[in-house]
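Taken in sequence, the protein lines are chains A and B.
According to my numbering, the stretch in the first sequence is residues 1 to 134, in order.
According to my numbering, the stretch in the second sequence is residues 1 to 64, in order.
If you are wondering where the hints come from, they were derived from the structure by calculation, not from laboratory data.
Ideal Cβ positions, reconstructed from N, Cα and C, are used throughout, including at glycine.
You can trust all of the hints, since none of them are fake.
Here are some, though not all, of the chain A residues that point toward chain B, as calculated from beta-carbon distances under 8 Å:
(1) G55
(2) V99
(3) V100
(4) A115
(5) A131
Derived coverage of chain B by chain A (criterion: at least 3 residues anywhere in the stretch with Cβ under 8 Å from a Cβ of chain A; other residues may be distant):
(6) 15-21
(7) 39-48
Spelled out, the chains give:
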Amino acid sequence: MQLHRDRSKFDAAGVRLAVIGQGSPDQAAHFRDSHRLDGLPIYVDTGRDSYKAAGAKIATFSELLGPRVVAKGALASRRDGVVQGRTIGHPAQLGGVMVVRPGNEIAYVHLADDAGDNPPNDEVLQAASEAAQG
Amino acid sequence: MSHARVRRMSPFLGASRGRQDARPPEDASGLADLVVQDLDGSDVRLGSLWEDRPAVLVWLRHYG
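Can you build the whole structure from these sequences, using the hints too?
Quick look at the structure:
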């Protein structure tokens, strides 16, 4: 996972990294262990309440498995050397990234528009660094 | 129950029938009091994650 590889950069920037997934703690622990993500803070939101509050969307079928999305996924798999793991929870629930400062200020947000839409780590790291400095 | 009704209630993969727009909130006050669980099953108030320093929250679509 690209995030995990850059974890030290987030630590150095003075921000706290928190990964939120669906499913149960046991399922998330299996994900952490099978991907060797020791130390990555992972939380579970079984009811997806935080996904809804963040404004993350439910994808259409073409946003999940359309040709453009599948091609992006294939490129990302080759780049990162990983294949998609099990889908747990709502299969069409998309995710996103948010940088939140003390006081509930949202300094950065990128919510996925389709299943292959992930912001570059560098972009998130830049936003996180600015949030920590400002 | 008619076949058409079943299809309306169970779209393939739970996909939305119409395109949605992502709608981020103005601030994170609606997120702060939500509770998630850590991998030990303990409750964690989301807002506690950014009380003392910025937090990068990553919502996964899937595990992998």
